[in-house]
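A.B. asks: According to mature numbering (1 follows the signal peptide of the UniProt record, and there is no 0), the stretch in the sequence shown is residues -28 to -1, 1 to 100, in order.
No lab work stands behind these hints: they were computed from the structure. Among the hints, a few may not be true.
[To be verified] In silico SDA-like pairs for lysine to any residue, Cα to Cα no more than 20 angstroms straight-line:
#	residue 1	residue 2
1	Lys68	Asp54
2	Lys68	Ser56
3	Lys68	Glu50
4	Lys68	Arg55
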Amino acid sequence: MNTLRKIGFGAYALLLGLTVLFTQSAFKAANGKISKFEAFTFYYHGPATYTISEVEDENNWSTTPPEDECSGNDKACEITIDRSYVNNPDTAPTVKSTLNLTAGLSSASLARVTGSSDGSMTYANNQQ
C-alpha cells in the first residue's frame, strides 16, 4: 500500500510539474522573455480631405486626441495597436510603417480604416 501511495504521489508531482512548465512557457516570447501586450491609441491628424492615401500614411497619426472628438461623418478617427507596431514607445510614440494600415471609402466618400497587419488592432471611424 505504501508503494502505491509513493507511485501516486510521484505521478501527481510529475503532472503538477508539467502543468507549471507548459502554462508558464505559453507567456514567453521567442527570445525567452515574457511578452506583454501593451496597447497604444493613435488619432488621425492628417488633412481634412480624408483620402485613402492620407489615412494609410502612418505620419498622419499621433497619440494626441483630437479636439473635435472625431464627430460627424464615417471617417478615420482612432486606432489602438500593439506596442510591436510602435516606434519609440517609451519616449515619442509613432506608428511603424510595418503596421500597413488599409483604408476604404465610406458612404460619405471619406476614407476610413479597414484593417492592418496587427490582428489585435481595434479602430473607430467616428465618435458621436
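A.B. asks: Against the earlier hints, flag every one the structure doesn't satisfy and list their numbers going up.
C.D. replies: No numbers; nothing is violated.
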